[in-house]
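Going down the list, the sequences are from chains A and B.
866 is the number of the first residue of the first sequence in this note's numbering; add one for each residue after it.
866 is the number of the first residue of the second sequence in this note's numbering; add one for each residue after it.
No lab work stands behind these hints, which were simulated from the structure alone.
Any given hint might turn out to be false.
For chains that are exact copies, the list does not tell them apart, and a pair is met inside one copy or across any two.
As a list, the in silico DSSO-like pairs of lysine-lysine whose alpha-carbon atoms are at most 30 angstroms apart [what the hints assert, rightly or not]: (1) LYS1054 <-> LYS928; (2) LYS931 <-> LYS1054; (3) LYS993 <-> LYS933.
There are 2 protein chains.
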Amino acid sequence: MSSAEKNAKMQATTTKRTTYHHGDLRAQLTEATRQLVEERGPDHFSVSEACRAAGVSTAAPYKHFKDKTEMLRAVALGGMQRQYEQMVAELAPHPPGTLDRIVALGRVYIRFALAEPGVFRLMFGLSKDHDDDEAMVNMGSNTFGLVQHEVALCRGSETIEPVDEGRAFLLWSFVHGLSFLQIDGKLSKIETPIDIEHVLRDVAHRMMHDHMA
Amino acid sequence: MSSAEKNAKMQATTTKRTTYHHGDLRAQLTEATRQLVEERGPDHFSVSEACRAAGVSTAAPYKHFKDKTEMLRAVALGGMQRQYEQMVAELAPHPPGTLDRIVALGRVYIRFALAEPGVFRLMFGLSKDHDDDEAMVNMGSNTFGLVQHEVALCRGSETIEPVDEGRAFLLWSFVHGLSFLQIDGKLSKIETPIDIEHVLRDVAHRMMHDHMA
DNA sequence: AGGGAATGTTAGCGTGGTTAACTTTATAAG
DNA sequence: CTTATAAAGTTAACCACGCTAACATTCCCT
C-alpha cells in the first residue's frame, strides 16, 4: 500500500495529509461535491468549498475535471446509478407482470427524491449539458426502459409497444411531479395528509387499466 | 410629465438617458431580469448583466431590491400572476362542472411552462426563499384553489372536500411532472410522439372518475 | 538512475454580489 | 423662492469564486 493510498483514507476524516499526492482525489472531490450539493443545494455549491473539504488547493480539481459542471455531472451520474440499482433491487421480490412491480418502481423514484433531494435536482437540472454526456443519456434510457418493460409485462407482452411507451411516460410524469412538489414543500401546504403508498397504487391502477366511458 | 418619466420610456429602447434619475428603474430591472432569465436560464442570470441592460450602475438595484434573490422573486411572482390570469381566462368559455374546465387548467399550466420555461423554473426553484414571501404563498394558494374548486364542481359540490384536495393534488403532480419533463427535453427522447391535448383529457378522465376494481 | 507523465501548488486574472460613502435630483415646508 | 430632507443614482472597494498558466513534486517505467 503506497503512502498516497494511506493518505486517501486519512483525508476522508479531515486529517491533514503528509504526502504531496493525495491518493484518490477525484473520488473524494466527487464525494465532497455530493455532500455539499445535498447540504447547500445544487445552486449554492462552490468548487472552492469542495476543495476545502478535501483539503486541497482550488486549482487541484482541474487535473480531474474539465470544469465545475463536470464535477456536478459526476455526482448526477452517481445518483442515476444508485437510483437504477435501487429499482432493480425493489423489483425482485414481486412476481413479474404484477402492478406491484410498477408501484415498486414509483416508490423507489419518490423515495430517492426525498432521500437525496439535492442530487435528484442535479439529475434533471443542467439537462442541456447532460444531453451531451453519453453515460448520462444511457443511464436515463436504462431507467426509463425498466419502466417501459414492466408496463409491457403488466399488459402481458414481452415486447414494448407504443402504448407501453405512452403509459410509462405518463407514470413517469406523475411520480416526477409528485417528487418535485414534495421536495419543494408543496405537499405540506395541503390540509389532508396524503398516503403516498396508497396514492401510488391508486394511480398505477388508473393508468394501467381501461377506464369507463 | 417629468423628465424622468420620459427617460423611463427612452431607456426601454436602449437609448442613453440624460437625466440623473431613471424614471422607473424597479420595473425595468424586473423586466430585464425576466428577459435574461428566459434567455440564459435562472442559473446563469447575473445582476450585472441586468444593470447593463437597464443602462445603470451595478449598485443601483440595491435601492430597489434587497439582493439578487429578491429580484428573481419579483420575476417569479409576476409569472405566477400571469399564469393565474391565463387560467381564469381559459376557464370562461367552458360550462361549470365539466371536465373541459379541468383540462383547460392543465393546458394553461403546460402551455405556460413551455412558453416561459425560465420563469416557470423560477416559480419552483428557490422555494425555500419563496415560502418566506407572503405574496408568493398567496398566489400559490389562489392558483391551487382554482383547481380544487373545479374538481369539487366536477363532482357536483360547491364546497371543497378532502377528496377534492387529493384529486387536485394528483392532477397538479401530473401536469407539473409533464411540464418539467418536457422543458428538460425528456419527451423528445421518446419514439412515439405524444398528443398533449389527448393525454390531458385521458388523464383528467381517469383521475376524476371511479375506476374498475 | 533518470526522465516523462501525473498530480499537486501558487499567483493572478476576470466576473460577480454587495456595501459604504458620496452626488444629484425630487419634493414639500416655511 | 429658498432650503432641508429623502429618494435614487454613482464610484470605489472588498471578497468569493471559476479558471488558467507556470512551477513543484512525486510516481513509475525503462
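Going through the hints against the structure:
Neither within a single protomer nor between protomers do LYS1054 and LYS928 lie at most 30 angstroms apart by alpha-carbon distance, with minima of 46 angstroms and 33 angstroms respectively. In this homomeric assembly, LYS931 and LYS1054 come within 30 angstroms of each other (Cα to Cα) only across copies, at 27 angstroms, whereas the closest approach inside a single copy is 42 angstroms. Taking the shortest Cα distances, LYS993 and LYS933 sit within 30 angstroms of each other both inside one copy (15 angstroms) and across copies (24 angstroms).
Hint compliance for this structure: hint 1 alone is broken.
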